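Visitor: Sequence:
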Amino acid sequence: SFGMESGGGSMSPEEIARINAMLAMSPEEQAKKAAAAMKDCLELAATTGLQRAAEPATWEEEANRIPCPFKGKFENLQRQIEKVPMVGKTLAKPVAAGVENVEKAFVDAASTIGKDPAVALAYKEAVAGVPQDEAVDLVKGAPGSFTEYLAAQTDDVLTDKVTATVAAVLETHSLTKVWGGATDAYNKAAAKVPGGLIKPIELDLPTYVVEQAMATLKQLVADKEVQLREDPGDDAPETVKEIFGGGLRTAMMQGSEPLVLVKPDDPRQIQFVDFPRSTDEVGATPEKLVTGKGLEVVITAKQPVVQNKAWKVLTLGFGQAAEIADEKDLRMHAPKFHRRGRFLVADVFGEEYPLKVDNGRYFDQNAVKLVRHARDDSKTFYEGGAIDFNFSKETKLVGPDRCKQWTSDTYNFVLGLKKNTLAADLAKFQRQAL
Numbered sequence: 005s006f007g008m009e010s011g012g013g014s015m016s017p018e019e020i021a022r023i024n025a026m027l028a029m030s031p032e033e034q035a036k037k038a039a040a041a042m043k044d045c046l047e048l049a050a051t052t053g054l055q056r057a058a059e060p061a062t063w064e065e066e067a068n069r070i071p072c073p074f075k076g077k078f079e080n081l082q083r084q085i086e087k088v089p090m091v092g093k094t095l096a097k098p099v100a101a102g103v104e105n106v107e108k109a110f111v112d113a114a115s116t117i118g119k120d121p122a123v124a125l126a127y128k129e130a131v132a133g134v135p136q137d138e139a140v141d142l143v144k145g146a147p148g149s150f151t152e153y154l155a156a157q158t159d160d161v162l163t164d165k166v167t168a169t170v171a172a173v174l175e176t177h178s179l180t181k182v183w184g185g186a187t188d189a190y191n192k193a194a195a196k197v198p199g200g201l202i203k204p205i206e207l208d209l210p211t212y213v214v215e216q217a218m219a220t221l222k223q224l225v226a227d228k229e230v231q232l233r234e235d236p237g238d239d240a241p242e243t244v245k246e247i248f249g250g251g252l253r254t255a256m257m258q259g260s261e262p263l264v265l266v267k268p269d270d271p272r273q274i275q276f277v278d279f280p281r282s283t284d285e286v287g288a289t290p291e292k293l294v295t296g297k298g299l300e301v302v303i304t305a306k307q308p309v310v311q312n313k314a315w316k317v318l319t320l321g322f323g324q325a326a327e328i329a330d331e332k333d334l335r336m337h338a339p340k341f342h343r344r345g346r347f348l349v350a351d352v353f354g355e356e357y358p359l360k361v362d363n364g365r366y367f368d369q370n371a372v373k374l375v376r377h378a379r380d381d382s383k384t385f386y387e388g389g390a391i392d393f394n395f396s397k398e399t400k401l402v403g404p405d406r407c408k409q410w411t412s413d414t415y416n417f418v419l420g421l422k423k424n425t426l427a428a429d430l431a432k433f434q435r436q437a438l
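Taking my numbering, the leading residue of the sequence shown gets 5, the next gets one more, and so forth.
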């Protein structure tokens, strides 16, 4: 059945009656209502998201911005090269300017991609063709679950369409030249550092732009879906209002809270009992990540989702772990972690998944997930993409390393949870309905 609930406060008799009517439906009626709501919700969410993607201001927002690749390396080199006698400041200036120029060029290139009618058409066709056999479970799931399902089911076709658009844009857009200039300035300066310790930067720019553009496009669609599910407005389709209207929302079914980045002073920060050591150390063994309150880091996805035809991704949360018999349904499985060089790695039924910040974007509430390449371990454990996670024995907090590869030293986050009130709201309804 649908586990419908109130969005907050005491529910009216009309709202309670609506929920009871839903609960009284046959499974077939529920499935039909869920499928219609999902399709209509996704159609409006995709249309709205793509409209926003055409605006440069959208790509300047923290959650949507495409990060400058290797920003931490640029900043670190700038500090080092400034110390070189006589020519340091001269060499450092273009390195610093390169980052700023790249970030501006990404905004313009991304909005150009977002304006392409072929991209909007690709999403429209993807929504029209998405399977609806899991609609009931998705209605019960967290806001955003429709979009996640859409992305998982249509990854191949969307990746192909966006790749074609990116290739056409980069042929003439200034981003290609700007990125080339930035890397040339970096590599020239790196060659002046004594000892040859700093390696040149290498990046497949088209692939990076495709992955990052698709991440933002998915986020923009999800933003509208969340809004429609949590508070349907006048523009919401009737099917969506019927399921989610009047302050009604769906219950979190995963039994866990999402694992995200938070600021170090945020009360949602999580303290851990201990942290895995490198397996090279004597006596070190893989360990589950256990919080001070006895919860564990668990997988919240039934199966890995393939993104960009290349990356297998598993979402994570905190919760009470369950005994999982096999790998057909990984939800609530608490994997054991170990250190492999600068990677923190989870063992998921024999497959190694490094812990990663979602899409390499460092902002409050961004997700932390398990990610591995679908076919090539050398890409999974590419040293240039390593993200170390540091454990403070004093505070018991865990945070991503701030200035090694991609991240700026201005970022400072620790692992925490994205608290929701949906489960509490459901309990409130159940008490009122009795």
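Please note: incorrect hints may appear among the correct ones.
Cut-off 27 Å, straight-line C-alpha distance, at most; resulting in silico cross-link-like pairs (DSSO-like, lysine-lysine) [unchecked claim]:
(1) K43 x K340
(2) K332 x K316
(3) K340 x K383
(4) K313 x K297
(5) K144 x K306
If you're looking for bench data, these hints aren't it; they were derived computationally from the structure. Note that the structure is a prediction, hence the values are computed from the model and not measured.
Visitor: Among all the numbered hints in the text so far, which are the ones the structure does not match?
Guide: Structure breaks hints 1 and 4.
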